[in-house]
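Undergrad: As you go down the protein sequences, you meet chains S and L in turn.
At position 218 of the first sequence (counting the first as 1) the number is 241 in our numbering, and the numbers step up by one without a gap.
At position 84 of the second sequence (counting the first as 1) the number is 162 in our numbering, and the numbers step up by one without a gap.
Among the hints, a few may not be true.
Said to hold, decoys possible - Here are the in silico distance ranges between beta carbons for each label pair:
#	chain 1	residue 1	chain 2	residue 2	range
1	L	V170	S	G263	53 to 63 Å
2	L	A96	S	A319	48 to 58 Å
3	L	V170	S	S211	55 to 65 Å
What the hints assert, rightly or not - Under 8 Å between C-beta atoms, here's a sample of chain L residues computed to sit facing chain S:
#	residue
4	D195
5	V200
6	L202
7	I212
8	V297
9	F340
For the record, the hints were derived by calculation from the structure and aren't laboratory data.
No residue lacks a Cβ here, since even glycine has one placed at the ideal position from N, Cα and C.
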Amino acid sequence: MRAYLAYLSKRLVQFAVVVFVGINITYLVTHMTPINPVEQSISAATTYGATSPEAIEMMRQSLRQLYGLEGTPWEQYVAFWKRVLVGDFGPSLSAFPTPVSQLILRALPWTVGLLLVSTLLTWILGNLLGGLAGYYRNSRILKAFGVLSMGIHPIPYYVVAFVLLIIFGFLWPVLPISGGATMASDRSNTFAFALDVVVHSILPVLSLMAVGIGGWFMGMRALVSNIVTEDYVVYAELAGVKRGKILRSYVMRNALGPQVTGLALQLGAIFNGAIITEQVFGYPGVGSLLISAVHAGDYSLVLGITTVSIVAVSATVLLIDLLYPLIDPRVEAR
Amino acid sequence: MSTLRILRDLLRYNGEFAVGLMLVLIVLAVAGCSFFSPYPPMDVYVVPPDVPPSWEYPLGTTSRGQDVFWQLTFAIRNTLLFGIVVAALSRVISLLVGLISGYKGGWVDRILMSINDTFVVVPLFPILVLFYFIMRDEMTWAMLAIITALLGWAYDARLIRSIAMSLRTREFTRQAVFSGMSTGKIVFQEHLPFVLPIVFSTTMNNINWSIGIEVTLSVLGFTDINTPTIGGMIYWANQHTAMVSGIWWWITFPILLVIMLFIGLFLLAISMNEYIDPRSRLSRLGGQA
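Sequences and hints are given; from them, build the entire structure.
TA: Here it is, written out as structure tokens:
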């Protein structure tokens, strides 16, 4: 127990560091750039048609407050952290007066659902097939799958999603290519609505899986083919333990640890991918919200989404780390 | 001479290396063609618009009156250059952090690795988007390269650190310490050569990663869209709804070319990794690992 507490506190400190550094990067990006966002917004707003100097001055005032540029740098920094800690990013500019937090909360379930389903499916399937490929090295089907997933793996999410969109949107239009559910659908019939949501999520999930699966496959295959040469596996084989059991309890179990750690490390990248995929398929999640906020010039919304994603991703990583001893009890002893 | 022999062996025994090298060479050749382009990259309406691929215009022309092939040569050159600049800059950071952290250990290691893990975990895309949001029109190509490099070093620094940690316990390091070499000299004269092979293979992956970032950001219009890049080409094609109006060649060829580059670099990276790890090299040469 004591060892677990030590492990726990170490992870918590790391979580705090991640959030602290991440939020500070956000602060630096917004405050240390040579560009004055206030003047930029004003010049953008006054390009078309003349505006009275008083109105411009008022606009400058309110924008300065909004961007948190009032007071000394230290006061600005403290004020920034206060807003982050409370989770209050003010009202959205593009959907005035809806608070930013409300907009994000509305979009978050879509992103979380998409990420959860695709990441779990990708991870489980990739590790399973990778483990099999490492153990049964001569299987033709697994080799072919390896080549295919390796070919797709280095291509970025955007390109894969875009290619899928072209295939299923223009060449063979069988799946819905946009939105999270049919527009203005009847939501009283829960089952039909759920089915609708699932059908709409097929393409985004597929594109996330297509990119992600190769990494897990190759990692697991390499781990397993190393473990297979270990003495205890050879011993178990000689002792006549069934091959299926050797693979499950002797080989895969031991290879799982690094893959869980890998999942924690990859989560940020997977989240990036989900954001982009959402944008391609018009999925109503945080990613689409972020892109439309940029196009609408909605500063508070962009800042809010960036902060929330940093906190959410690092919290999930913390969760994976805390569950890790269940898979590999040796961490506690370390 | 030995480099040539390594290359020959790789070509003979490693199919992945041969395919990867071929793909990268084709992409490089296309990029090289940009120096012979009859049109300046930014000029529009130099050829009739919307001509499908034909003998005169091998890859067709765009709705903006540009020849897709010549446009593509400029685009892939800039995209490739972006990847190389980012990879070079971020290699410097990851080498510094990895080698020092691995050699020093203790507190230095712990602090550097906490920062390192932060950069691994933090979702970079929203930060890049935020950066664009603030910079807007001031966002230049070089600026984006620097900021991407500053965000993209962490994963490889950890890898380099793990090698540096094992180097620290080797005999020659102890001898260097006893003969009074300074830390900087030990790290950069004694340890650097050992990590270089792995640095080369991470470079390929980092080029891929940064090109992916560049393509994604420019497709969304979040970069300097007036520098021709692969992402920029897709952005303009989308702006003119090329897919809907049936001008498929405007989108298909940039995507095909950049996919060739991704797969080529990736194959080079993994074949180099295998070359570095002698166990898998033996099994490839027909021996038993």
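Undergrad: With reference to the structure, classify each hint as holding or not holding.
TA: Hint by hint, here is what the structure shows:
1. For the pair V170(L) and G263(S), the supplied restraint of 53 to 63 Å holds, since their beta-carbon distance comes to about 55 Å.
2. Checked against the given bound of 48 to 58 Å, the beta carbons of A96(L) and A319(S), roughly 50 Å apart, stay inside it.
3. Separated by about 60 Å at the C-beta atoms, V170(L) and S211(S) satisfy the suggested range of 55 to 65 Å.
4. Look at D195(L): its Cβ gets to within about 6 Å of chain S, closer than 8 Å, so that hint holds up.
5. Taking 8 Å as the C-beta cut-off, the interface hint given for V200(L) holds, the closest approach to chain S being about 4 Å.
6. For L202(L), the interface hint holds, the least distance from its beta-carbon to any beta-carbon of chain S being 6 Å, beneath 8 Å.
7. With a cut of 8 Å, the hint placing I212(L) at the interface with chain S holds, because the nearest CB-to-CB distance is about 5 Å.
8. Against a cut-off of 8 Å between C-beta atoms, the interface hint on V297(L) holds, since the closest Cβ of chain S lies about 6 Å away.
9. For F340(L), the interface hint holds, the least distance from its beta-carbon to any beta-carbon of chain S being 4 Å, beneath 8 Å.
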